[in-house]
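**Student:** As they're listed, the protein sequences go chains A and B. In this text, residue positions in the first sequence follow my numbering: the first is 1, and each later residue adds one. In this text, residue positions in the second sequence follow my numbering: the first is 1, and each later residue adds one.
Keep in mind that a hint or two might mislead.
Stated by the list, open to error - Which chain B residues stay away from chain A? Per the calculated CB distances, all over 12 Å, these:
#1 Ile7
#2 Val11
#3 Arg13
#4 Gly18
#5 Gly21
#6 Lys23
#7 Val26
#8 Arg33
#9 Gly52
#10 Val55
#11 Ala64
#12 Pro73
#13 Ile79
#14 Met85
#15 Arg87
Stated by the list, open to error - Restraint ranges, calculated between C-beta atoms of paired labels, are given here:
#16 B:Pro51 with A:Leu22: 37 to 43 Å
#17 A:Asp87 with B:Val10: 43 to 49 Å
#18 B:Val26 with A:Gly84: 35 to 41 Å
These are computed hints drawn from the structure, not numbers from a lab. Where is the CB? At the ideal position from N, CA and C, for every residue including glycine.
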Amino acid sequence: MRLCKVIGNVTASVKHHTYNGLPLMIVQPLDGTSMAERGASLLAVDTVQAGPGDQVLVMSEGSGVRQILKTSPTSSPIRSVIVGIVDAVTVDEGGES
Amino acid sequence: MYLGRVIGSVVARRKVAGLEGAKFLVVQPLDDRLDESGPFQVAVDTVQAGPGDLVYLVGSREAALALDPYFVPVDAAIIGIVDRMHRPERGDDEQNWTP
Numbered sequence: 001m002r003l004c005k006v007i008g009n010v011t012a013s014v015k016h017h018t019y020n021g022l023p024l025m026i027v028q029p030l031d032g033t034s035m036a037e038r039g040a041s042l043l044a045v046d047t048v049q050a051g052p053g054d055q056v057l058v059m060s061e062g063s064g065v066r067q068i069l070k071t072s073p074t075s076s077p078i079r080s081v082i083v084g085i086v087d088a089v090t091v092d093e094g095g096e097s
Numbered sequence: 001m002y003l004g005r006v007i008g009s010v011v012a013r014r015k016v017a018g019l020e021g022a023k024f025l026v027v028q029p030l031d032d033r034l035d036e037s038g039p040f041q042v043a044v045d046t047v048q049a050g051p052g053d054l055v056y057l058v059g060s061r062e063a064a065l066a067l068d069p070y071f072v073p074v075d076a077a078i079i080g081i082v083d084r085m086h087r088p089e090r091g092d093d094e095q096n097w098t099p
């Protein structure tokens, strides 16, 4: 999974039917230690009621998504979902452990 | 999934089986600041997007699931046309987006 910050959301009336009713959030990947923004933002379906400013875990793998959303394996073009809201991150600053 | 801007289209008469009738559009991938986030690509359209539309796409195997019948050999599919972006963390106060 990737550590990201929720930036906001996207709405679309014309879309693939499997996206109907699913909140589509803009998520910004973060650097694991400095928490600075790193790389381009992407979109992820929210499944844990995350809101703007939240630090979240984003999972980007199709079959895992289908398992979470219980969508059909033959028509579910969804690849990224928010799977958790992060409370704390501790990273060992390069010490041998 | 990721944002993109439709900037053109591609016609390919000779192509592999399974791609008949697929409509190919040229898309510039964007981040939510509408800055370019990668090289432009050709994606199959599933929502009748047009030139200039801000769209969102899905890549890899899930792109193949965006079409009927599924498992059409594509690695990028346009699956939504953006009406509105709301980015409080970028300072948007009310619902707005830049065309």
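**Student:** Compute the least Cβ-Cβ separation between Gly52 (chain B) and chain A, then decide whether it is above 12 Å.
**Tutor:** holds (15 Å)
**Student:** Is the nearest CB of chain A more than 12 Å from the CB of Gly21 (chain B)?
**Tutor:** holds (17 Å)
**Student:** For Val11 (chain B), is the shortest beta carbon distance to chain A beyond 12 Å?
**Tutor:** Answer for Val11 (chain B): holds, closest chain A Cβ roughly 23 Å.
**Student:** May I ask you to test the hint 35 to 41 Å on the CB atoms belonging to Val26 (chain B) and Gly84 (chain A)?
**Tutor:** holds (36 Å)
**Student:** Does the Cβ pair Pro51 (chain B), Leu22 (chain A) satisfy 37 to 43 Å?
**Tutor:** violated (27 Å)
**Student:** Measuring Cβ to Cβ, find out whether Ala64 (chain B) lies farther than 12 Å from everything in chain A.
**Tutor:** violated (8 Å)
**Student:** Beyond 12 Å from every chain A Cβ: check whether that's true for Val26 (chain B).
**Tutor:** Holds, since 19 Å exceeds 12 Å.
**Student:** Arg13 (chain B): least C-beta distance to chain A exceeds 12 Å?
**Tutor:** holds (26 Å)
**Student:** Would you assess whether Val55 (chain B), listed as outside the interface, keeps its beta-carbon beyond 12 Å of every beta-carbon in chain A?
**Tutor:** It is violated; Val55 (chain B) is separated from chain A by about 8 Å at its closest Cβ, not greater than 12 Å.
**Student:** Beyond 12 Å on every Cβ pair: is that true for Ile79 (chain B) relative to chain A?
**Tutor:** violated (4 Å)
**Student:** Given the hint of 43 to 49 Å, check if Asp87 (chain A) and Val10 (chain B) actually sit that far apart at their C-beta atoms.
**Tutor:** Check passed, 47 Å falls within 43 to 49 Å.
**Student:** Can we trust that Arg87 (chain B) is non-interface, i.e. its beta-carbon lies farther than 12 Å from all of chain A?
**Tutor:** With a cut-off of 12 Å, Arg87 (chain B) comes too close to chain A, as the shortest Cβ separation is near 4 Å.
Of the numbered hints given earlier, the model fails hints 8, 10, 11, 13, 14, 15 and 16; all others are met.
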